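Visitor: The residues making up each chain are set out below.
Protein chains: 2
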Amino acid sequence: MKLLTIAVDAMGGDHGPDVVVPASLQALATHPDLRLILVGDESLLQKKIRQFRGALSDRLMIQHASQCVAMDESPATALRGKKDSSMRVSINLVKERRAEACVSAGNTGALMATARFVLKTLPGIDRPAIISTFPTITGARVRILDLGANVESTPEYLLQFAVMGSVLVSATENIPSPRVSVLNIGHEDIKGNELVRATSQLLTTTGIVNYTGYIEADHLFRGTTDVVVCDGFVGNVALKTTEGVAILIKNTLKREFNRNIFTKLAGLIALPVLKAVGRFMNPDLYNGATFIGLKGIVVKSHGGASIAAFARALEEARFQAEKNIQQRISDKVEQLLKNTSIGKAD
Amino acid sequence: MKLLTIAVDAMGGDHGPDVVVPASLQALATHPDLRLILVGDESLLQKKIRQFRGALSDRLMIQHASQCVAMDESPATALRGKKDSSMRVSINLVKERRAEACVSAGNTGALMATARFVLKTLPGIDRPAIISTFPTITGARVRILDLGANVESTPEYLLQFAVMGSVLVSATENIPSPRVSVLNIGHEDIKGNELVRATSQLLTTTGIVNYTGYIEADHLFRGTTDVVVCDGFVGNVALKTTEGVAILIKNTLKREFNRNIFTKLAGLIALPVLKAVGRFMNPDLYNGATFIGLKGIVVKSHGGASIAAFARALEEARFQAEKNIQQRISDKVEQLLKNTSIGKAD
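Protein chains in written order, with the working numbering: chain A, 1 to 346; chain B, 1001 to 1346.
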């Protein structure tokens, strides 16, 4: 059996090794083809592995790294001053082909800056983007990008995002020609700002993906499209609004069920159903955003991820490594972009 | 008793007079100080008023208008070709001071273009914005603007939005110095695009409102701020994402409660609580976005508004007319902007 090796930033995230180590042990138990290299303070990690009843083996190794990137550290400081951070060393392992992917719950800005600096973008891609998966009412899933890597996008970036998203969905969901939409504030041609209009024009004239037109944000979760592209500022606002509304609704449900003895009883009876809803909506299930467009697979876990959620991010990285997603994207992007003048020469 | 007169575009929205007429009769029954001028096809409106068991009086009048603006009509066509539309005539009544406010469920783009053309902006205000109210987990409400009037905002526009939002909240909620935040994708100073950074700088240096810094979209509904300003593209995405998530969760709850006989029973028992949650989250409760920054009060109802929701929009207009909001805003904006070089000369 061919082993898939993933480098894991064991010090990143709000909880560091207390989440990363048990999640790693869990993923190793689930996937016999998985090998993990935990990157971080060696003696601390040894202690934590023992504490969580694990043991080093040829499938669980430690790579020492003497530094940590703080969650509020600026990307520039992390890049310049933390050359032996667990984050940087994890990415280095991917660059050196000692790992097929890496996973970090560390600070997004620093991770993106470091990944971009160390790995570089794929030929034909100007900027990496952050892509993640969301549930829809049909049970199908939708991918949205960019979720925050670029805050001043051009139509060319968005075209490249469309191609990358389309290739990713095509490879992971077995959809030959995924539907691609541009996030806008109306569906008529005249709606929106210059960026979305120029992007729509570009997607139409190049015919490079199955472009199905504009989508409004209230239709993001209707299952009517497979890939949604937008500027990173807008995508990040949509992503975080989703979290904000989910919290508001959860909170309101809690308050109303706690109102009196009758509503509490009703809540007790409805609890299994509410838990099922919670499971479906649980962001942990969708944890693991991918930095797409780099010469290497980098999966970003939510900083506050639980053990289950971090294990989910490891699954995502394992799956992408298994499916050789990065190479597929690289091949197809190159091939697709050959026919257009879009994208930089490399 | 001084009567407050509101012009009502009776032909606008997905349902036209079938929603507007009963909602108007309901509002008149609730508020003895309200006078409504229904604008639209006179004979049709007479018929509808009879149908809903109402009668013309000195508090319920009809102003004939021979045209209607279609829901998908372009703002330019509506502006040029529909000079006797129910929408245009309603706004004219405000301009001519025959009404203190107007309400329309018609097409947003056409309503904004017409309102701007007929009423003009207040002195010191470059662009009107769309502002609306949202629930939060604390029970307090938050106002967000711009929700879609301007898709290429400048820091100066956002500063003006901040001032207008602050004045509106101060007058309606009796908060002397409302907290104002700028929507961003992080709370650190280095985060965001040029627009938000320049806006933040401007709000800090002018000290014109109680500026409390950046807010991320997952904190919009936490009750930690009173006014949130953003570009109209971003605000519209946040608004519609809210709707999209609410639909997704509602749909998931329905599906899970319908899974089998036991979950259906649980649903039946939990129904009163779920209905209470639905009422709290119901967008109808918050129906009635205001076009702020114009020389006149224009309230925009959701196109698909129910009778209750349209009545809510009428309440909003009545309240703003009663509180003389537009004049207060005008006064304060003028006074506040006198001390800065921001805003155009008028």
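In short, the hints are calculated from the structure, not lab data. Treat the numbers as computed from the prediction; the structure is a model and nothing was measured. The C-beta atom is built at its ideal place from N, Cα and C for all residues, glycine as well. Fair warning: there could be bad hints in the mix.
To be verified - Which bits of chain A does chain B cover? Going by a derived footprint, with three or more residues having C-beta under 8 Å, they are:
id, region
1, 15–24
2, 133–143
3, 147–161
4, 208–216
5, 242–248
Claimed, not checked - In silico BS3-like pairs for lysine-lysine, Cα to Cα no more than 25 Å straight-line:
id, chain 1, residue 1, chain 2, residue 2
6, A, K2, A, K323
7, A, K323, A, K295
8, A, K275, B, K1264
9, A, K264, B, K1191
10, A, K254, B, K1191
11, B, K1275, A, K264
12, A, K264, B, K1250
13, A, K275, A, K264
14, A, K275, B, K1095
15, B, K1254, A, K254
16, B, K1250, A, K83
17, B, K1083, A, K275
18, A, K254, A, K120
19, B, K1095, B, K1083
20, A, K275, B, K1191
21, A, K120, B, K1191
22, A, K254, B, K1264
23, A, K250, B, K1120
24, B, K1275, A, K254
25, A, K250, B, K1083
Visitor: Give me the numbers of the hints this structure contradicts, sorted from smallest to largest.
Guide: Numbers 1, 4, 9, 10, 14, 16, 17, 18, 20, 23, 25, in rising order.
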